[in-house]
Amino acid sequence: MHRALKVAAIVIVGYAALALILGALTSFQAIAEQDKPHSQRWTVVNYWSITCAPCRIEIPELNLLSKELDAVDIGLVGINFDEDNREKTLMLAERMGIEFPTLHQEQVDALSVSPPNVLPTTLILSPDGVEMARLIGAQTRASIKVQLGQLIGSAQ
Amino acid sequence: MSKSILYLTITTLFLVKLPLGSYAAEVTLLRSPAAEASSLSRVFADRSGRVILSWVESDAKNHALYFSTLSKNKFSKPQMIASGTDWFVNWADFPFVITTDQSMTAHWLQKRDEGTYNYDVVAVFRNPETKSWSEPRVIHTDGVSAEHGFVGMLPLSDDRTLISWLDGRNTAEHASHDATGHGSGGMTLRAGIFNANGDNMAEWELDELVCDCCQTSIAMSSGGPVVAYRNRTESEMRDIFITRLENESWTTPTPVYVDNWEIAGCPVNGPSVAALKDQVAVGWFSAKDNQPRVNLSLSTDNGDSFTNTVTVAQQDTNGRVSVAMLESGKVVISWLETAGKSASIKAAAYSYNGELTESVTVANTVSSRQSGFPVMTSRGDDVFVTWTEVSSGKQVRVARVRF
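So the sequences go chain by chain: A and B.
The opening position of the first sequence corresponds to residue 6 in the numbering used here, with each subsequent residue numbered one higher.
The opening position of the second sequence corresponds to residue -7 in the numbering used here, with each subsequent residue numbered one higher.
Straight line, CA to CA, 27 Å or less: simulated DSS-like cross-link-like pairs of lysine-lysine:
#  : chain 1 : residue 1 : chain 2 : residue 2
1  : B       : LYS66     : B       : LYS386
2  : B       : LYS53     : A       : LYS93
3  : B       : LYS69     : B       : LYS386
4  : B       : LYS386    : B       : LYS53
5  : B       : LYS333    : B       : LYS386
6  : B       : LYS103    : B       : LYS386
7  : B       : LYS386    : A       : LYS93
8  : B       : LYS69     : B       : LYS53
9  : B       : LYS69     : B       : LYS123
10 : A       : LYS93     : B       : LYS103
11 : B       : LYS333    : A       : LYS93
12 : A       : LYS72     : A       : LYS93
Simulated from the structure, these hints should not be mistaken for laboratory data.
Bound conformation, chain A alone (with noise of 0.2 Å):
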């Protein structure tokens, strides 16, 4: 019960930090965020493959997760683990459900990270590319906001 509490906590101060984060965000977006690349800003980035049921079964919550995400400024894009042609990749996204931008394979080359060794994997990326937190298994946008939350509020 007591571990509950802990972690209930946990999520409760992650919300809270995030909104306040987001409200920030999105009052001062207009004037400070329109002309920023999209590389240079906080990036959500899940590596995927078709073989991986996990992967399948967060995909609609990393949908909703796109969209509120996208309203803040901050990117979620994802990665067919499987390196499949494009062509392929882009039908397999589709298969999956997938609602948000797969990357080419030129992006996932220009990223400074390492490739995870289990899926779903999900990473965070700092606006200047850095791998802020690797969050592995499947995620739901709750888990995913709080880290970002955490991370965002730690860098303010």
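Let chain A serve as the given structure and place chain B on it in line with the hints.
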């Protein structure tokens, strides 16, 4: 050509850290029978010493499975076994071929129309008497539209093949899903024995809950065939387990080694098992606490117990392990050693008490999924290794390593 000579010179002379008394193995690059745009290769040696190489050639719509036989260090003209536009082919889960003196078995994965992610394991069997291939047949009897794959195959005789596979019948869409995205029943490990016509002679469920995306591996010990696989527990431990077919039933699966690697996900990095008489060797990858590691465990009682475990590589590796047994009793393990986007295919021989005796770089490659899973097989004290070379395109390569 000059690149090949340079490469061979470097790989045969370049030693990694070896203890006193150890020396490098000799690597000979063989002429690959596979065309350009080939990948997903595997080598297999039967009991008579015949070495067969299989691979996949793909274009935008079609996949085709080929094989070629090695004779006096030259591969025969490639022969196509089957092709299809409805195959499921993945860098980690792909078709291959095994052989005996007289027969062959090949498999591929065939997509179901009605399932988004669903595919069946289809196999063909070459009859040793008629010398003809059977009709393709789905090897599992569930009839459920679900994922089936990560096949292991082992000839039991000229007219019997043991096949293991991951079977998602309990994860089908009608099943409820838990928070980690798995069906309530989870992925199962199953195996069956098939005759030369492809008839199912026996089928078993070996484990009711296993890791979803890791290869299974089979070898023949003197105590019977053993299957190694990545297990999954309710608490998401993903350690390597083994079970053996003994008196027509399978032993209770037991851990090869307790890594306690807890992950609610798929490593896509299955174990490899090899056996010689009552010696069984299992190699595998783990990354507990995000510390990548390749381990090798050795058994002298047909896999009943593993008393000797050595760490083969750590930190700079992404696994992709293959294991082979030499006639001398040594064990050879291969893995990918990574350096950013580059990688080397390493192979090392160990005595059966776990001492490193030889080590060599077989080839340089890339660390991405494009390079696939290098696969080894042994004949006597020779090891044959195949992999996909990635440059402007992809092409299957094969080398002999003499320990």
